[in-house]
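J.: Two chains, two frames, a set of hints: combine them into the complex.
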Amino acid sequence: MKIIVLVKQVPGTDSVKLDPVTGVMVRTGKDTIINPLDENALAEAIRIKNTYPDVKITAVSMGPISAMKAIKEAIAMGADDGVLVSGREFAGSDTIATAKVIAAAIKKTGDFDMILCGERATDGETGQTAAMIAHYLGVPAQTYVSALEVLEDGVIVKRTVESGFERVQVTFPVLVSVNKDISDTGFPTLDGKLKAKKVDVPMLGNAELGFDKSELGLTGSPTRVVKIFSPKLSRDTIMVKANATMQPIDELLSFLVQKDVL
Amino acid sequence: MSMYVNCSIAEAKNLSEFKGVFILGEQRDGKIQAVTFELLTWGRGIADDLGCELACVLLGDEIENLDEVILRGADKVFFIQDPIFKNFLTQPYSNAITRLVNEEKPEVIIAGATTTGRTVMPLVAAKTNTGLTADCTELTIDPDTKLLLQTRPAIGGNIMATIKTPDTRPQMATVRPRSAKQSPVDTSRTGQIIVKNYAGATTMTVEKFLEFIIDTTQAVSIEEADVIIAGGKGMKNAAGFKLVEELADLMGAAVGATRDAVELGWSTYPHQIGLSGKTVSPKLIIAMGIAGKIQFLAGMQTSDVIVAINKDPEAQIFKVADFGIVGDVFEVVPMLIETVKKMKAKA
Ligand SMILES: Cc1cc2nc3c(=O)[nH]c(=O)nc-3n(C[C@H](O)[C@H](O)[C@H](O)COP(=O)(O)OP(=O)(O)OC[C@H]3O[C@@H](n4cnc5c(N)ncnc54)[C@H](O)[C@@H]3O)c2cc1C
Ligand SMILES: Cc1cc2nc3c(=O)[nH]c(=O)nc-3n(C[C@H](O)[C@H](O)[C@H](O)COP(=O)(O)OP(=O)(O)OC[C@H]3O[C@@H](n4cnc5c(N)ncnc54)[C@H](O)[C@@H]3O)c2cc1C
Chain C
144 MKIIVLVKQV PGTDSVKLDP VTGVMVRTGK DTIINPLDEN ALAEAIRIKN TYPDVKITAV
204 SMGPISAMKA IKEAIAMGAD DGVLVSGREF AGSDTIATAK VIAAAIKKTG DFDMILCGER
264 ATDGETGQTA AMIAHYLGVP AQTYVSALEV LEDGVIVKRT VESGFERVQV TFPVLVSVNK
324 DISDTGFPTL DGKLKAKKVD VPMLGNAELG FDKSELGLTG SPTRVVKIFS PKLSRDTIMV
384 KANATMQPID ELLSFLVQKD VL
Chain G
412 MSMYVNCSIA EAKNLSEFKG VFILGEQRDG KIQAVTFELL TWGRGIADDL GCELACVLLG
472 DEIENLDEVI LRGADKVFFI QDPIFKNFLT QPYSNAITRL VNEEKPEVII AGATTTGRTV
532 MPLVAAKTNT GLTADCTELT IDPDTKLLLQ TRPAIGGNIM ATIKTPDTRP QMATVRPRSA
592 KQSPVDTSRT GQIIVKNYAG ATTMTVEKFL EFIIDTTQAV SIEEADVIIA GGKGMKNAAG
652 FKLVEELADL MGAAVGATRD AVELGWSTYP HQIGLSGKTV SPKLIIAMGI AGKIQFLAGM
712 QTSDVIVAIN KDPEAQIFKV ADFGIVGDVF EVVPMLIETV KKMKAKA
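If you read the protein sequences in the order shown, they are chains C and G. Each residue of the first sequence is one higher than the one before, counting from 144 in the working numbering. Each residue of the second sequence is one higher than the one before, counting from 412 in the working numbering.
One chain only, chain G, in its complex shape (with noise of 0.2 Å):
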């Protein structure tokens, strides 16, 4: 009953058939997403240190601005079109991807390590028979080989790990949104948009996408957030964890909580960092009656600035920050509250 497309370009030994850079952009509602800007910084760097074109990968039905990709840095915008593609659905994506990837070949394939680059890039790297590297932090390109090295870290954030690959095309990997600043408009920049209409079986699926409900209380989601405010035990109680929300909606920030705080039913899931959580790396944490134990840690060590306050001077979340108040939060927060208040309403 497979509905797949198999087409495995394996047996294209020859490595060097294979040039140029893709990046999957995203789009929700036909509004081109923040990671697609990310994503051209990435692609952009190593396309210029192979020397080669930047091509943006986009799927929908209507997407505006599509100019834009172009003006941040793609020399090229495959817009693969059909009202299937409105929504993310594993088997058209996946398919059309592919096809698109056994028509161009490109050297190199990244996506954002978001639901869906981490969805779909697996079923694309499985049915080109190459390599996937996820979540990467840093990508270079060895100036000797000239293959790309992926580094990631595993391990709940203990260790990194540069990963090749060598032997199959294209080498994928997905990176860890908001490790790059998004790219730039140039005005002066031109390129050329491709229209691809795949009808057929590659459209075909046995999914039905019902629907999207908006998260109200994710209303800045915490892994695309600049800044994040995250609540621990030490908040007390869910009345006290009101303080975390206060001060994250003053500064237009995200909500993050322990899977402590969120057990406790103070946060939901979706404000989970850590382990069994979110991965987090924005430019300011501030992370409030906070332990710091290693699994928390895992999901926000490579933050920007990390600012903690606790009342234990030995608590682990110290040895992390750059900036540490010992001191209750009760005593602290609605401090800082009111100046962080005072400075709005100054500015």
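Here chain C stands alone, though its shape is the one from the complex (with noise of 0.2 Å):
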């Protein structure tokens, strides 16, 4: 069975600068991580692979040359190989023009069962790049994924949605994007390290994808960043010390309902 992980990477930190013109991140290729929550899909992963036997694991990334460390630490926590797409002419790509190059270097790569991802990065915050990725391949998707069974020609997947849980049958190949409760996270291992070292990530640009320039980057998007500004963070609070009597208590109770929320 072949598995191919969705590795994003993203900013460590609060602190992403923005093109003020553009509304496209800049990175600064620094401190950054692989996106939480495609480390848990990695994890799951990672668990079929040493439950079934003949798993192969294939990391693919899209992103600048320094999404290579994603790859890397991906092969170091336990994936086999990995490929990074890269280049220039895919910068500023919103979701439809990221999800096309992903799944064509996808294509790339030859037949797959599953692919799995994190249900959403922590810094475009979308959430819709799997399931595009789904249609550019043909293949079904299933989102919010808390739990995932292998049958013989597919998986079923246990869904978390409002008020409860959906179970679906589906069969391969599925792409599946996946919530904290799949996995939890592994490490990196010694011989992960030195495999990581070893291998040899080929990377994909636009000469291998055959792209039109007009399907890529900004041209490519469908969406446009037209202002970008900070939200109205702080609130003028009202602070009250507990002290033992129900005053406090009193004065809350009166400004919920003052605010009408009570």
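In short, the hints are calculated from the structure, not lab data. Quick caveat, the model's predicted, so the values are computed rather than measured. Incorrect hints may have been included.
Stated by the list, open to error - Here are a few chain G residues that sit away from chain C, every Cβ distance over 10 Å (derived from the structure):
#1 Ile474
#2 Glu475
#3 Asp478
#4 Phe490
#5 Gln502
#6 Asp546
#7 Asp555
#8 Gln593
#9 Tyr609
#10 Lys619
#11 Lys694
To be verified - In the SDA-like style, the derived pairs of lysine to any residue whose C-alpha atoms are separated by at most 20 Å in a straight line are:
#12 Lys689/G / Pro316/C
#13 Lys619/G / Lys370/C
#14 Lys689/G / Lys619/G
Idealized CB from N, CA, C, for every residue including glycine.
T.: In structure tokens:
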């Protein structure tokens, strides 16, 4: 069985710069991590590899050349190999343009049974890319998955939805996006680290993927960021100190009544 | 092995062909879900600004009270009816909606940023080759260009971005649940219910729905709750966290938790608020024993009224709070519970 795990490299801290004109994220390449939910997806792939014979895991990332670090980390944690999709023409892609390119890169790596990825990345946070990738590959997408059971010819997924869970059975090939409940994240192993050093991770650019330039980057993106601004964060806080009397509680309750939320 | 019906409307360059606003309603067990009525509020406003019709799209087998959608603001209801639509399955849902969109050519489509909306809308956007903006908190029509301006938080709520879809149609967005009030019933309203029966390829799928399991701990799901009582590591242990549940129960509120509280096993992941959990925007949230780290704030800072109880006067949670009590949760919360009990007894 071949599993593709998508790993997006995201900023590790809260300090992200945006180009005020184009609204495109500017990254320094320093202090980056694998998107946390992608690590959960990777851990689930590794769990499957440890349970069933002949499972191969390929980590795929699209991003600047520095995203190679994310793939090497994935290999250190247990992926067998990886593919980096990188090129200046891809910069500024929205989810449609991103998904087209990632899907094309996955196709290049040959047949697969399952794609595992996080339900949402912590930077762009759209949670849209995975389903779009599934569309461009012509496979079904199962989203918000918190448990997965591997069958002979497919999987049964448990989706965490509003007010409960849905169980759905689907045949391979399939894309599954996961939430945190799927698997505890793992750690790099010594063997893995050695392997990560040795493995040659191929890079795919548009020379290999062959898109028309109009389909890529900002030009290939139907959405346009037209304005970026900071949300109003701080509020005028009424502060009271607890003092063993009922007074702070009464003040709170009359505040809530006045705000019409009780 | 693709079962998808690939019907791109990219060829239809004539943008003016696209008219009208669609909202994507939701049902479970044939009952129309509250998010549908919130979407009617969004959709009605936009349709009025554009001077066009508002249609609600619903998929299902049998659906109760379809009329209510009209009384609450829709001019038309497209009811796509087939037993396969009883439960959400990505292939038949996205195929059917795409087919309707290609037939009707709406200018704008809005869905809830629910697990369903966030799954089916990307598929429909990709199939129709147009843009989609995620999780919007504000939608307006640009008075000059008549384009839909879609505003959304990103990067853990640290920035807001306004996005438009200038060159393709429909313009598609998901909106955060609870970011609009439910549209009220107006019994004088009239409209049309159009039933669509799509058979064949549209309803075919490799997916099989097995079952829906209600999560009883989510009696009130946190994304839909008006009031959330949330607890963090300051609740000390599982027994302490029970105070959070007790107050929530008393107030008919949902229980929220920080990542630390979930990891310690005091609550479960469906209750986690924050960057790697749920994003909530209730009318009232009471944060108890919560530090207010940025990853937590990312999931709740757009709430209407924020109350914080923390023994550390410097705790960051107070920066986003409207009302803060500096004190020990084990003193303050039991008093609060007693007072609410008394209020309820009187009422
Ligand atoms: C402020 C801001 C707002 C934006 N709003 C929108 C918008 O509303 N609509 C829109 O279409 N675009 C939007 N974008 C662009 C969007 O963020 C990018 O297209 C980005 O590539 C998709 O990232 P995401 O964080 O949204 O991914 P998500 O869709 O949240 O990611 C889900 C999963 O897909 C996989 N994945 C995603 N990207 C990659 C990758 N590069 N490599 C490997 N795996 C990946 C990962 O497994 C990830 O866990 C916005 C960008 C910014 C800066
Ligand atoms: C990538 C990433 C994603 C993350 N995602 C999330 C997320 O989705 N959600 C999330 O919550 N966190 C998330 N975190 C973790 C986050 O950074 C914090 O660690 C977490 O929110 C802290 O939880 P807490 O406030 O319960 O605990 P603490 O930080 O330990 O705070 C406890 C608070 O309780 C107060 N307190 C203690 N005792 C009492 C008492 N007796 N009475 C009153 N007050 C008391 C203390 O003063 C303190 O302020 C994420 C972190 C990372 C790196």
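J.: Taking the minimum C-beta separation from Ile474/G to chain C, is that value above 10 Å?
T.: holds, 18 Å
J.: Over 10 Å to the closest beta carbon of chain C is the bar; see if Glu475/G clears it.
T.: The claim stands: Glu475/G keeps its Cβ more than 10 Å from every Cβ of chain C (closest is about 18 Å).
J.: Quickly compare the C-alpha distance for Lys689/G and Lys619/G to 20 Å and report which way the hint goes.
T.: Violated. Lys689/G to Lys619/G sits at ~27 Å, over the 20 Å cutoff.
J.: Asp478/G: least C-beta distance to chain C exceeds 10 Å?
T.: About 24 Å separates Asp478/G from the closest Cβ of chain C, which puts it past 10 Å; holds.
J.: Does Tyr609/G really sit off the interface, with its C-beta more than 10 Å from all C-beta atoms of chain C?
T.: holds, 18 Å
J.: Looking at Asp555/G again, its CB stays over 10 Å from all of chain C?
T.: Asp555/G clear of chain C: closest Cβ-Cβ about 13 Å, beyond 10 Å.
J.: Does Gln502/G really sit off the interface, with its C-beta more than 10 Å from all C-beta atoms of chain C?
T.: violated, 6 Å
J.: Beyond 10 Å from every chain C Cβ: check whether that's true for Lys619/G.
T.: violated, 4 Å
J.: Under the criterion that the straight-line Cα-Cα distance not exceed 20 Å, is the pair Lys689/G, Pro316/C satisfied?
T.: Judged against 20 Å, a Cα distance of about 29 Å means the pair is violated.
J.: Was Gln593/G rightly flagged as not at the interface, with every chain C Cβ beyond 10 Å?
T.: holds, 16 Å
J.: Would the pair Lys619/G and Lys370/C pass a check requiring their Cα atoms to be no farther apart than 20 Å?
T.: violated, 42 Å
J.: Are all beta-carbon distances from Lys694/G to chain C longer than 10 Å?
T.: violated, 5 Å
Consistency with the previously given hints fails for numbers 5, 6, 10, 11, 12, 13 and 14, ordered from lowest to highest.
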